[in-house]
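**Q** Here's the letter readout for the chains.
Protein chains: 2
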Amino acid sequence: MTTTASLKTIIEDTSAAVAADPGAASVTFAAESDLVGVCEVDVRIGDKTVKIDEPQTLGGGGAGPNPVEFALAALGSCQAITYRFWSEKLGLRLDALRVQVRGDLDVRGLFGMQDGIRAGFGTVEIAVHLSGPEPANRYAELRRLVDEHCPVLDIFANSVPVSTTMSLR
Amino acid sequence: MTTTASLKTIIEDTSAAVAADPGAASVTFAAESDLVGVCEVDVRIGDKTVKIDEPQTLGGGGAGPNPVEFALAALGSCQAITYRFWSEKLGLRLDALRVQVRGDLDVRGLFGMQDGIRAGFGTVEIAVHLSGPEPANRYAELRRLVDEHCPVLDIFANSVPVSTTMSLR
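These protein sequence lines map, in sequence, to chains A and B. If you read the first sequence in this note's numbering, its first letter stands for residue 6, the second for the next number, and so on. If you read the second sequence in this note's numbering, its first letter stands for residue 6, the second for the next number, and so on.
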């Protein structure tokens with residue numbers, strides 16, 4: 006099992022490698038989704054597969070969380086891991102961490118029932134609960150740095166350039 | 006198992022219910038993430054739990070996809086399900102659907118190694134592969150409507166208001 010001591014080494018080694026070769030910093034991530042039921046989707050990510058579905062109230066079979074729940078899981082887990090990375094960088098102990106995320110969505114956007122209602126979340130709230138022995142102002146500094154450097158928070162809070170193509174076969 | 010015939014009924018019933026009571030359109034989704042290892046996170050979403058971790062190269066144990074991969078899974082699956090919803094609304098047959106999503110990320114953003122590099126994806130590409138018997142222009146119309154109404158595409162492409170709080174305990 007990786008320890009936080011080795012995590013610190015990995016962060017330092019990664020930083021050194023990227024300083025020597027900035028091209029090493031560029032990473033491509035990918036996911037391939039197949040519609041395998043009415044709303045059921047199997048997603049392959051490397052050697053792993055995850056299942057996503059809609060609840061029965063939205064026409065699915067409830068075989069997995071739905072896409073917007075997955076987006077909230079991505080956000081909460083990214084906050085948690087970014088807290089871990091930056092607590093290591095700052096040398097702060099982190100004894101326990103829970104991140105609660107909730108988002109409000111108006112389904113009229115998805116179904117195109119009314120103009121001017123966005124398809125995604127109108128608002129998202131993140132509540133971080135943290136335990137540790139350091140002074141409160143150190144954790145406040147940690148929080149500020151995490152919110153500046155959390156990848157999935159950046160995806161939510163800012164606009165990402167997305168291109169789409171479609172092919173028939 | 007839900008059939009696409011019942012999906013069409015559910016879409017119509019949901020639309021009628023929301024037309025009668027717009028408050029019924031507002032849905033809250035939630036996810037609770039606990040850091041259970043160095044970078045390993047258990048996320049509870051309703052009665053389901055998913056596991057997220059970093060690969061060993063980033064200091065984790067590789068017990069699950071990482072948060073940005075989860076974000077891409079959310080995006081690809083949301084495209085797939087929105088294709089299903091809108092093909093039902095338009096009365097178009099959809100025989101098979103695969104959605105490939107890839108995103109490029111510069112890890113210098115996460116690690117705060119250089120100002121001006123964003124923490125999340127610099128670019129994201131979606132490639133949709135679709136099979137069905139309808140004329141190509143109908144599927145082109147479908148694609149346009151999906152991209153206007155896909156909730157997770159909206160989260161990526163546009164800015165979402167996110168608030169954060171932190172409590173020590």
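It is possible that part of the hints are untrue.
Chain copies aren't distinguished; within one or between two, either way the pair holds.
[To be verified] Simulated pairs of lysine-lysine, BS3-like, Cα-Cα distance not exceeding 30 Å: (1) K13 <-> K94; (2) K56 <-> K94; (3) K13 <-> K56.
Honestly, the hints are just simulated from the structure, not real lab data.
**Q** Given identical chains, is K13 near K56, meaning Cα to Cα at most 30 Å, within a copy, between copies, both, or neither?
**A** Result: close only across copies, 22 Å inter versus 33 Å intra.
**Q** I want to check one pair: K13 and K94. Are their C-alpha atoms no more than 30 Å apart within a copy, between two copies, both, or neither?
**A** within (7 Å within a copy, 52 Å between copies)
**Q** Within a copy, between copies, both or neither: where do K56 and K94 come within 30 Å Cα-Cα?
**A** Result: close only across copies, 24 Å inter versus 35 Å intra.
Figure legend: structure checked against the earlier numbered hints; every hint is met.
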